[in-house]
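Please construct the entire structure, taking both the sequences and the accompanying hints into account.
Which chain is which? The protein sequence lines are A and B, in order.
Read in the UniProt record's numbering, the first sequence has 94 at position 94, and its numbers run on one by one without any break.
Read in the UniProt record's numbering, the second sequence has 13 at position 13, and its numbers run on one by one without any break.
Don't read these hints as lab results, they were simulated from the structure.
Identical copies go unnamed one by one, so any copy, or any two together, can satisfy a pair.
DSSO-like, lysine-lysine: derived pairs with alpha carbons at most 30 Å apart:
| no. | residue 1 | residue 2 |
| --- | --- | --- |
| 1 | LYS56 | LYS104 |
| 2 | LYS334 | LYS56 |
| 3 | LYS14 | LYS58 |
| 4 | LYS56 | LYS14 |
| 5 | LYS234 | LYS195 |
| 6 | LYS14 | LYS104 |
| 7 | LYS195 | LYS286 |
Protein chains: 2
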Amino acid sequence: MTTITNKEADIIRKVAGNFARHPSQVNQLMEADAEIIQRNGEYLVLKTDGIHEEIKTKLYEDPYLIGWMAVTAPISDIAAVGAVPEGILLSLQLPLDGNDDWLKNMQAGIGDACLRYNSYVLGGDTNFSDSVSISTTVVAHIRSGSPLLRTGMKPGECLYTTSLLGTGNAFAYSRFFNQALEVRFHPVARLTESKTIRTYATACIDTSDGLFPALAVLSELNGVGFHLETPLIKLLSEEARSIHHHDGLPEWMLLAGPHGEYELLFTVPYEKQNDFEKECESEGWKPVYLGKVTATPQIDFVSGSLPIRCDSHRVANLFYESNGDILAYLQLLKQQHESWVSNN
Amino acid sequence: MTTITNKEADIIRKVAGNFARHPSQVNQLMEADAEIIQRNGEYLVLKTDGIHEEIKTKLYEDPYLIGWMAVTAPISDIAAVGAVPEGILLSLQLPLDGNDDWLKNMQAGIGDACLRYNSYVLGGDTNFSDSVSISTTVVAHIRSGSPLLRTGMKPGECLYTTSLLGTGNAFAYSRFFNQALEVRFHPVARLTESKTIRTYATACIDTSDGLFPALAVLSELNGVGFHLETPLIKLLSEEARSIHHHDGLPEWMLLAGPHGEYELLFTVPYEKQNDFEKECESEGWKPVYLGKVTATPQIDFVSGSLPIRCDSHRVANLFYESNGDILAYLQLLKQQHESWVSNN
Numbered sequence: 001m002t003t004i005t006n007k008e009a010d011i012i013r014k015v016a017g018n019f020a021r022h023p024s025q026v027n028q029l030m031e032a033d034a035e036i037i038q039r040n041g042e043y044l045v046l047k048t049d050g051i052h053e054e055i056k057t058k059l060y061e062d063p064y065l066i067g068w069m070a071v072t073a074p075i076s077d078i079a080a081v082g083a084v085p086e087g088i089l090l091s092l093q094l095p096l097d098g099n100d101d102w103l104k105n106m107q108a109g110i111g112d113a114c115l116r117y118n119s120y121v122l123g124g125d126t127n128f129s130d131s132v133s134i135s136t137t138v139v140a141h142i143r144s145g146s147p148l149l150r151t152g153m154k155p156g157e158c159l160y161t162t163s164l165l166g167t168g169n170a171f172a173y174s175r176f177f178n179q180a181l182e183v184r185f186h187p188v189a190r191l192t193e194s195k196t197i198r199t200y201a202t203a204c205i206d207t208s209d210g211l212f213p214a215l216a217v218l219s220e221l222n223g224v225g226f227h228l229e230t231p232l233i234k235l236l237s238e239e240a241r242s243i244h245h246h247d248g249l250p251e252w253m254l255l256a257g258p259h260g261e262y263e264l265l266f267t268v269p270y271e272k273q274n275d276f277e278k279e280c281e282s283e284g285w286k287p288v289y290l291g292k293v294t295a296t297p298q299i300d301f302v303s304g305s306l307p308i309r310c311d312s313h314r315v316a317n318l319f320y321e322s323n324g325d326i327l328a329y330l331q332l333l334k335q336q337h338e339s340w341v342s343n344n
Numbered sequence: 001m002t003t004i005t006n007k008e009a010d011i012i013r014k015v016a017g018n019f020a021r022h023p024s025q026v027n028q029l030m031e032a033d034a035e036i037i038q039r040n041g042e043y044l045v046l047k048t049d050g051i052h053e054e055i056k057t058k059l060y061e062d063p064y065l066i067g068w069m070a071v072t073a074p075i076s077d078i079a080a081v082g083a084v085p086e087g088i089l090l091s092l093q094l095p096l097d098g099n100d101d102w103l104k105n106m107q108a109g110i111g112d113a114c115l116r117y118n119s120y121v122l123g124g125d126t127n128f129s130d131s132v133s134i135s136t137t138v139v140a141h142i143r144s145g146s147p148l149l150r151t152g153m154k155p156g157e158c159l160y161t162t163s164l165l166g167t168g169n170a171f172a173y174s175r176f177f178n179q180a181l182e183v184r185f186h187p188v189a190r191l192t193e194s195k196t197i198r199t200y201a202t203a204c205i206d207t208s209d210g211l212f213p214a215l216a217v218l219s220e221l222n223g224v225g226f227h228l229e230t231p232l233i234k235l236l237s238e239e240a241r242s243i244h245h246h247d248g249l250p251e252w253m254l255l256a257g258p259h260g261e262y263e264l265l266f267t268v269p270y271e272k273q274n275d276f277e278k279e280c281e282s283e284g285w286k287p288v289y290l291g292k293v294t295a296t297p298q299i300d301f302v303s304g305s306l307p308i309r310c311d312s313h314r315v316a317n318l319f320y321e322s323n324g325d326i327l328a329y330l331q332l333l334k335q336q337h338e339s340w341v342s343n344n
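Right, here's the structure in full:
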């Protein structure tokens, strides 16, 4: 998972904060979804991301999905900086007595994702462990133009995503709370859309950790807030809407994270909005308009008939307040909702 | 750990064998210590390696050593192909309740190693797990000349290492069997020596998994064997000799692996031997001469007063025959020794 809340940011700073930076590294710590180095007249882009907690919590059990996501997750970060992936290195931890079918299905997920993203498995390292875990490093490049960072957005700019949201959390909800609701989860890293986005956008992040956590990161890094003019119900994917209708979850909860759908979330200057939307249309896709960047670090949105204004980190931090306990997390979400209802 | 025995090679082929290769990748599967891609008139070199089993078995407990080795292990592979490292990405799994001193010491090991190798932490990914594990990806380059592969050696060529051997296994022996024997273990990736080696050598591998496992890999990949003309006692480092003297371990056992000392093991054509040794001397270091490459896949060596000839994989496979059980492994080593003594 890529994005950070302010609590997660504290941990990242503690673990990573004191090392010297590469003199040609473009991005500061947390300033981009991937690491960007200027060299030989191009940008070399690298990203390490892992599938660990998703396997441990059994959010992912299907080996094909594990393989697919081990490639899609870091390549989504590559898309978020506007780069083109070339290859991956895999660090695998597998059980010594793992069965061959499981391994073959995971390899099929990895292989299909590489094919989809025009990338290759360059190498890797296999170790044996009681539990499965995969860490993937992607190597990518930007030959011309500049990389997209998470920083650079200004109040008044327009906020978009590449598609409707909430599928990641809908999938997690179905896995953890109601397995009778089958939710298809097969995200595709937005490399194609990224080519157009990078010529218009001022900043970009992926929604690997869900919408609200991504907004919290953008808010913190840019010192801004967001006014989501589009009612949240209109931002929900079909899968997320179905959970909303079936189990009555308020719309905002399905965007609260921390399991996202790997769309790109980005800002476009107001005066370029028309040109951008036209170019997307000519390419056969339609970005989803969310609202505007604001000057104060708050988020305004409408969930159901409830208008809500809260601190940018309020929603994202609920997951950390639950210490990752998924039942406690659902309780915290419900308490938060009740508190908003009674204050309205 | 980098090198492979034929049993480990089977596992690697099963896990990695079926993916399409990058069209510009220079090395075949297992043909080099790192992954090499030709691009933009240079070679981009990448390597992922991890510190997992070393932590799980408590071979490494000192957090500084864990940090140092997380960088040194993959950079030793970069040295083995003759490349220059630029930066690393870290994939960390840490306990959620980890203590700050431990983290700081591990970071100091990482930081000092980066400083030593003129490299930078470019980024990474942190996850929380019951046990510590670190996977490191190094990005490196070769601006001119060709990369060194594990393949390319021919019978008659001279076999060298960058220094005396056995410290890795001496350290492991002291940790597992006799903690009263303090063995210093602080390997340094041989980047400096690699610059000269790559202008003379026909093939190279590092001894991250010990001498005999490295020889097994070279034997398999090149269809050759080795005649170690230098008696093994003269190849042992001070630390390994001290274990040999103190606990009576036969010399060959201290070179049997699978925990090596991260020296480079390489071959130089007979006719270039003098020039090579002179150039090393002018640089202030002395390569250790082991013997010659032979045409048959056997290894000849003298351990103590015992002349031994065995299949190239015999020694390396003993560790796999023990299923990684360290006590069973020591028993297998002793049985093998008795069988050689009684057959002599």
